[in-house]
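Here is how the chains run, residue by residue.
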Amino acid sequence: MRLLFITLMTLLIATGVGVGATWITTTRGTEFGTLTIGAWTARPKTGTSDVDPYARATITRNGELPIGTGDGVAFTATTDDKKKPLDGRCDVVVSGVTPPARFWTLTLYDNKGHLVANTLQRYGFTSQEIVRGADGTLEIHIASRSRSGNWLPTGGIERYALMLRLYDTPVGVATRTQRDAPMPAIATVGCP
Amino acid sequence: MIRLAFTIIVGVLLGGVVHLVSVLALPRIATQDAYSRLTPMTALNAVTPLPLAEPGTSPMPFMDPAFATAICRYDLSEGPLKLTVPVSQAYTSVSFYTRNELAYYAINDRSAGKKVIELDLMTEAQHSELPEDEEVTSADRLIIDSPTSTGLIVLKALAAEPGLMPQAQASLKAASCSVQTEPPAKAEKPRGKR
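Chains as they are written, first to last, in the numbering used here: chain A, 1 to 192; chain B, 1001 to 1194.
Honestly, the hints are just simulated from the structure, not real lab data.
Hints should not be assumed to be uniformly reliable.
Derived DSBU-like pairs (lysine-lysine); straight-line CA-CA distance at most 35 Å [stated by the list, open to error]:
1) A:Lys112 / A:Lys82
2) B:Lys1173 / B:Lys1114
3) A:Lys45 / A:Lys112
4) A:Lys84 / A:Lys112
5) B:Lys1115 / A:Lys82
6) A:Lys82 / A:Lys45
7) B:Lys1082 / B:Lys1115
8) A:Lys112 / B:Lys1173
9) B:Lys1173 / A:Lys45
10) B:Lys1114 / A:Lys45
11) A:Lys45 / A:Lys83
12) A:Lys84 / A:Lys45
13) B:Lys1082 / B:Lys1173
14) B:Lys1115 / B:Lys1173
15) A:Lys45 / B:Lys1082
Same shape as in the complex, but just chain A (with noise of 0.2 Å):
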């Protein structure tokens, strides 16, 4: 009796660790193979042969195709540089430069990776839309009401996810630092 009492503890231990353990991992990513420069994250390896199993879960988890390296590669932000979460009600400014690539695409999603609705049915920005500066920087304004500029609305959402996707681009799995892939800054500058 006192066997069997310890065997099913011991089982039921094994399985909630296991499966909590994965979900996590599955969930929130791991750090494994990840490049980050300022508030951005990218997996390169993901759009390779080699990418690692924790990586793999959460991409059939989550059932989306990542980029293939040939083709470019993904970096996402959920918070600003100051580590604050993205919220859909503040004012947050992106600017700065991007890294060299061909054409870049700038894309709000939720937590889900769904677009957000909007009545402009703006969902991002490509490199060919966007209105630069004087000297080649850009300055995109994320907000639920309308700024002038480059506009990219929330729909008020209380967190977002920003994806900047390079495509034909030098960067990749060799992308160490900022100096091979300068990223632009995300900072929040008034909430209401």
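Let chain A serve as the given structure and place chain B on it in line with the hints.
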């Protein structure tokens, strides 16, 4: 007390095993992966355009709304696949995924270097059966080896501005992927006569 500690330690150790096994098994047992999601809405060995990514209707998470996307879901058991994608004005790319969403190859219009991206996709076994004919292995014929016999090819064309989306979609409409019906060249030419 010792028994309790022992129970917990063994439990945690076994938990580690469960964790590793489940992480490794997840790509095989996941039912909501991209391939399974796309299976009901795509044709086999043919190009199917995907609806544009829009709030609430995007077939996969994290789709890029600036792109027109089409899928060729392939099964190489019938024979090698021939893929032809005309290049659109801005940017066109072709990415290959295995049944378990492993991105094993991707190419864009510039690295293809031509107005039309032309590829032959085959399994390693089919590749090794190819006759070593000079015509066939010439440099301008790009052969991709698929690690699995089934998988996905994702064709993407960029609409650099929203107004260019119809053009991007039209260029993908002209793309084709089909099983090569004619038998490989070696079947017709007796090898001894050369």
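These are the hints, each one checked on the structure:
1. A threshold of 35 Å between alpha carbons decides the hint, and for lysine 112 of chain A with lysine 82 of chain A the separation of about 23 Å falls inside it, so the pair holds.
2. For the suggested pair lysine 1173 of chain B and lysine 1114 of chain B, the alpha carbons sit about 18 Å apart, so the restraint of at most 35 Å is met.
3. With a C-alpha separation of about 22 Å, the suggested pairing of lysine 45 of chain A with lysine 112 of chain A holds against the 35 Å cut-off.
4. Under the criterion of a C-alpha separation no larger than 35 Å, the hint pairing lysine 84 of chain A with lysine 112 of chain A is consistent with the structure, at around 19 Å.
5. With a CA separation close to 45 Å, the supplied pair lysine 1115 of chain B and lysine 82 of chain A exceeds the 35 Å bound.
6. Restraint check for lysine 82 of chain A and lysine 45 of chain A: the C-alpha separation of about 26 Å stays at or below 35 Å, so the hint holds.
7. In summary, the hint linking lysine 1082 of chain B to lysine 1115 of chain B is supported, as the alpha carbons are separated by about 16 Å, within the 35 Å threshold.
8. Between lysine 112 of chain A and lysine 1173 of chain B the CA atoms are separated by roughly 30 Å; this keeps the pair inside 35 Å, and the hint holds.
9. Restraint check for lysine 1173 of chain B and lysine 45 of chain A: the C-alpha separation of about 31 Å stays at or below 35 Å, so the hint holds.
10. A C-alpha spacing of about 27 Å is found between lysine 1114 of chain B and lysine 45 of chain A, which places the hinted pair at or below 35 Å, so the restraint holds.
11. The straight-line distance between the Cα atoms of lysine 45 of chain A and lysine 83 of chain A is roughly 24 Å, inside the 35 Å bound, and the hint therefore holds.
12. Restraint check for lysine 84 of chain A and lysine 45 of chain A: satisfied, since their Cα atoms lie roughly 27 Å apart, inside the 35 Å limit.
13. Note on lysine 1082 of chain B and lysine 1173 of chain B: the hinted pairing holds, with a Cα-Cα distance of about 16 Å set against a maximum of 35 Å.
14. Note on lysine 1115 of chain B and lysine 1173 of chain B: the hinted pairing holds, with a Cα-Cα distance of about 15 Å set against a maximum of 35 Å.
15. Note on lysine 45 of chain A and lysine 1082 of chain B: the hinted pairing holds, with a Cα-Cα distance of about 27 Å set against a maximum of 35 Å.
This entry does not satisfy hint 5, going by the numbered hints stated previously; all others are met.
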